[in-house]
Amino acid sequence: MKRHHWIVRVTHWVSVVAITIMVGSGLRIFNAYPAFGRPGTKFCCYPFEGTPIPAWLTFGGWLGGARHWHFAMMWVLVVTGAVYMTFVYLSGEWRDLVPRRGDPRDVMQMIKFYLFIRKHHPRQGKNNALQKGAYFIMPWIGVLIVLTGIAIWKPVELAPLTNLFGGYLWARYWHFVGMSALVFLILGHIFMVFTVDPYAIPSMITGNYDERLSPEARDARPFYHLLPPPERKQP
Amino acid sequence: MAGGSLLLAACNSRGPKSAERLLDYAERKNESVERFLFRHTSMDMAGRNVPNTSAVPIYYIAPTVPIWNTAVSGPWTLEISGLVERPVTLTLADLQRLPSVSQRVNHYCVEGWTAVEQWTGVRLASLARMVGVRPDAHYVDFQSFDDDYHESWDIESATHPQTLIAYGMDGALLGPAHGGPARVYSPVKLGYKNTKYLTKVVFLPARNGGYWSDQGYEWYGGV
Numbered sequence: 032m033k034r035h036h037w038i039v040r041v042t043h044w045v046s047v048v049a050i051t052i053m054v055g056s057g058l059r060i061f062n063a064y065p066a067f068g069r070p071g072t073k074f075c076c077y078p079f080e081g082t083p084i085p086a087w088l089t090f091g092g093w094l095g096g097a098r099h100w101h102f103a104m105m106w107v108l109v110v111t112g113a114v115y116m117t118f119v120y121l122s123g124e125w126r127d128l129v130p131r132r133g134d135p136r137d138v139m140q141m142i143k144f145y146l147f148i149r150k151h152h153p154r155q156g157k158n159n160a161l162q163k164g165a166y167f168i169m170p171w172i173g174v175l176i177v178l179t180g181i182a183i184w185k186p187v188e189l190a191p192l193t194n195l196f197g198g199y200l201w202a203r204y205w206h207f208v209g210m211s212a213l214v215f216l217i218l219g220h221i222f223m224v225f226t227v228d229p230y231a232i233p234s235m236i237t238g239n240y241d242e243r244l245s246p247e248a249r250d251a252r253p254f255y256h257l258l259p260p261p262e263r264k265q266p
Numbered sequence: 041m042a043g044g045s046l047l048l049a050a051c052n053s054r055g056p057k058s059a060e061r062l063l064d065y066a067e068r069k070n071e072s073v074e075r076f077l078f079r080h081t082s083m084d085m086a087g088r089n090v091p092n093t094s095a096v097p098i099y100y101i102a103p104t105v106p107i108w109n110t111a112v113s114g115p116w117t118l119e120i121s122g123l124v125e126r127p128v129t130l131t132l133a134d135l136q137r138l139p140s141v142s143q144r145v146n147h148y149c150v151e152g153w154t155a156v157e158q159w160t161g162v163r164l165a166s167l168a169r170m171v172g173v174r175p176d177a178h179y180v181d182f183q184s185f186d187d188d189y190h191e192s193w194d195i196e197s198a199t200h201p202q203t204l205i206a207y208g209m210d211g212a213l214l215g216p217a218h219g220g221p222a223r224v225y226s227p228v229k230l231g232y233k234n235t236k237y238l239t240k241v242v243f244l245p246a247r248n249g250g251y252w253s254d255q256g257y258e259w260y261g262g263v
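Those protein sequences? They're chains D and A, same order as listed.
No gaps in the numbering here: position 102 of the first sequence is 133 in this note's numbering, and each next residue is one more.
No gaps in the numbering here: position 50 of the second sequence is 90 in this note's numbering, and each next residue is one more.
Worth double-checking, as some hints may not be accurate.
Unchecked claim - Computed spacing ranges between beta-carbons, pair by pair:
1. A:M170 x D:L88: 50 to 56 angstroms
2. A:G211 x D:K73: 49 to 55 angstroms
3. A:E71 x D:F147: 56 to 62 angstroms
As the list claims (entries may be wrong) - Keeping only pairs whose Cα atoms sit at most 30 angstroms apart, straight-line, the calculated DSS-like set for lysine-lysine is:
4. A:K69 x D:K185
5. D:K185 x D:K73
6. D:K150 x A:K69
7. A:K69 x A:K57
8. D:K157 x D:K33
9. A:K240 x D:K185
10. D:K143 x D:K157
Just so you know, the hints here were simulated from the structure itself, not pulled from any lab data.
Treat the numbers as computed from the prediction; the structure is a model and nothing was measured.
Note that CB positions come from ideal geometry on N, CA and C, so glycine has one too.
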């Protein structure tokens, strides 16, 4: 039994490329007017009005180029996301991700474990409670980003959608906030993969995963018990 | 620019050469999606509680503010020509005598900002009826006296009820700062498609690019 179905593996890596280009080109587009208020007005809810994003984080070179990349790659991301979410729904894998009543308690146990308050790794299924929460919320943030993106792409032709998000200014703001939240979770994901469970990286390529090396088996925290446990001598 | 330009070394305005075809393809497909979504019944409306934007950026491509010089060029006129039955040349007074529309709408700039103004002018759809546009006219080119600035449009967007040949802004005659004596104004296209300092409206069988579209911004530029 593979840990990840090939559809999950393919959509994961296509998303890596697509999200990287979407975020980079989106930030370049943002830099053409790095603020949310109308010219000459103040905006309540963004502390860095007028401050551009560092250029090295952007992609596309200039506004027009970034727009072409953004409007091309958006289709790749939408199709990939739709394939992934359809698969998760039809395969029943959503049952591993959907929030349940015991989840807040399990999240607390994971946090206690990471803070060395709890000695041993909590029992878990495929994902621990923190992963579950992150992997459940990420596709929905993606849906929010896509809808707000369409809302600021077509604020006249699809005005009802734009109005749903509070108009163009707010839709643009939620598009940015959604992106920031997704990037935050992705950075957390990358950090945890490399510092807690690097053995999961091949599993997202080949699908194979050695449960004996799972974080639960190793009692692994970030940078802690990173190596496999020493093999016990047979009597 | 450091990372971006390093990554995009040896490339033109669309990015790496190898990506150019892909991005062109995507632009064409996006245009058909945008044309599919386009409706003459989709109207832009500025929020009633949103004040007019006092700080609308002033923009032109000439080295100095383009001001129509009556002493040199005679009185300003607007020529409506191309694939039409009855080409006309209108003075500002002629234009002002035609039935006018006032609309308070958003301006959507390609850079991402928006502004709200009240625009007064004549619907291009009415002018098109007046001059008798021929059925083979699928595009309209809006030309200006701001150097060689022009942008061509699909005729569907040009004849949208909110597409005006505007000569008034916020209750006053349109001044040189914002594209006077007259300019195209429509919320259905991004700002750069709305030619200021207008001199000619030419109906065409094929698209004719535009100042910014030729430099790599989307030709369609719909909102």
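Here is how each hint holds up against the structure:
Checked against the hint of 50 to 56 angstroms, the pair M170 (chain A) and L88 (chain D) passes, with Cβ atoms roughly 52 angstroms apart. G211 (chain A) and K73 (chain D) have their C-beta atoms about 26 angstroms apart, which leaves the hinted 49 to 55 angstroms range violated. For the hinted restraint 56 to 62 angstroms between E71 (chain A) and F147 (chain D), the CB-CB distance of approximately 58 angstroms keeps it satisfied. In summary, the hint linking K69 (chain A) to K185 (chain D) is supported, as the alpha carbons are separated by about 15 angstroms, within the 30 angstroms threshold.
Between K185 (chain D) and K73 (chain D) the CA atoms are separated by roughly 24 angstroms; this keeps the pair inside 30 angstroms, and the hint holds. Between K150 (chain D) and K69 (chain A) the CA atoms are separated by roughly 57 angstroms; this puts the pair beyond 30 angstroms, and the hint is violated. For the proposed pair K69 (chain A) and K57 (chain A), the alpha carbon gap of about 19 angstroms is at most 30 angstroms, so the pair holds. The suggested pairing of K157 (chain D) with K33 (chain D) holds, with an alpha-carbon distance near 12 angstroms, which does not exceed 30 angstroms.
Restraint check for K240 (chain A) and K185 (chain D): the C-alpha separation of about 28 angstroms stays at or below 30 angstroms, so the hint holds. Between K143 (chain D) and K157 (chain D) the alpha-carbon distance is near 20 angstroms, which keeps this suggested pair within the 30 angstroms criterion.
Violated hints, listed in ascending order, are 2 and 6; each of the other numbered hints is respected by the structure.
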